[in-house]
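Enquirer: Residue numbers (our numbering), protein chains in the order written: chain D, 1 to 185; chain G, 1001 to 1204.
Mixed in with the good hints there might be a few duds.
To be verified - Interface residues of chain D toward chain G, partial, derived using beta-carbon atoms under 8 angstroms:
hint	residue
1	61
2	72
3	77
What the hints contain is simulated information worked out from the structure, not anything from laboratory work. We put the beta carbon where it would ideally sit given N, CA and C, even for glycine.
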Amino acid sequence: MAAAEAPTVSQPSQEKSWHEMALQALKHNDIRLVPYVPDRILTTLIRNIHADPFFTAFPTAREEEAVGIVAGAWMAGMRGAVLMQTSGFATLANVLASLAMPYQIPLIMFVTERGTLGEFNYGQALVCRTMRPVLDSLAMEHHTCTRLDEFEFILDRSIKQAITTQAPVALILSPLLTGGKVFDK
Amino acid sequence: MNTATNLPARNTKVMNRFDITSRLVAKLKHEEAVISGIGNTNFDLWAAGHRPQNFYMLGSMGLGFPIALGVALAQPQRRVFGLEGDGSLLMQMGCLSTIATLAPKNLTMIVMDNGIYQITGAQPTPAAAVADIVAIAAASGLSSSAWAADEEDFERLVDQSLRASGPTLIGVRIDDKPGVGATRRDPVQIRERFMLGLGVREAL
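Isolated chain D (complex conformation):
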């Protein structure tokens, strides 16, 4: 665990970065369990979540494993969220359709979006195109987060809606939100 690592210092501009907003939204909604399969874009968020004793964070070997863990934890009274990238989401159709949806589990997923707006790997671009059709085919709530000024609102409302309606939500983090050195290195 990266408990010894210091959290990232706030931007000098005082403007909160997307990953600071994400961490705060998890905390405000008492989401303590954060299993993940990493993505480069998630590096800082993952590091800061590890550094904060509020969270229990750890990597899993597969994304569906993480979904199973947060499903079990929620049924036992502990809220969780799963972090992954687009190609990881593409492995989840079976578990969404056979566990999260039919058992009505408020599965909260953060998906960093690869495959668009400058993708260099054609396979990632193709995988990305499967993501929204899968979400739509299951009538799952999902939002593509592109703007910093909307992000806190989308996060907080979506997390609360998932929990109160006991329905999964996918928060897709677009390169428009996460890309570039302004928000992340």
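Following the hints, position chain G against chain D.
Expert: Quick look at chain G alone, frame taken from chain D:
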């Protein structure tokens, strides 16, 4: 069934899933949670007598242990048992290392190993003739992993796991019999009753 002759599993008795599951359930006196994997594993848990702390997984093959891990992390004071088949575990082998790393001391995993996909027509798994699930678990970091030699040994290993300082995995060689019962396939009721059983919810 395993056909290799040099695996430790060969020295163990071939037992029966329903009998083993019934023996486990008979031991439960403290509202222990039991999470059962897909198919025959949860059919036999159902047949052993429904308890409010039982969870029956109806899809998502391989996620029995991950779900059990989530329950164990959320309620560290409660003993949690995970029941899986060998074919299911083969689908999600990585979870053994995750569990070994997190090392919840309230988690006992039981693998029912018949070397076949019984429910789909008893085809052998790819591991049946060559792999040793308990050795894989140990090599994945679960040092308290053992084959049950017979029914008495199984019960002894279960008792031992209650006092262990980390997670335990127990391998049980079983026969090719199908499950005895059939779980009522009502996911919302299963989930809601499980949450009631774990004290997370109050009844409507």
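Enquirer: Each of the hints needs a verdict: does it hold here or not?
Expert: Hints, verified against the model:
no. : hint : result
1   : 61   : 2 angstroms, holds
2   : 72   : 3 angstroms, holds
3   : 77   : 4 angstroms, holds
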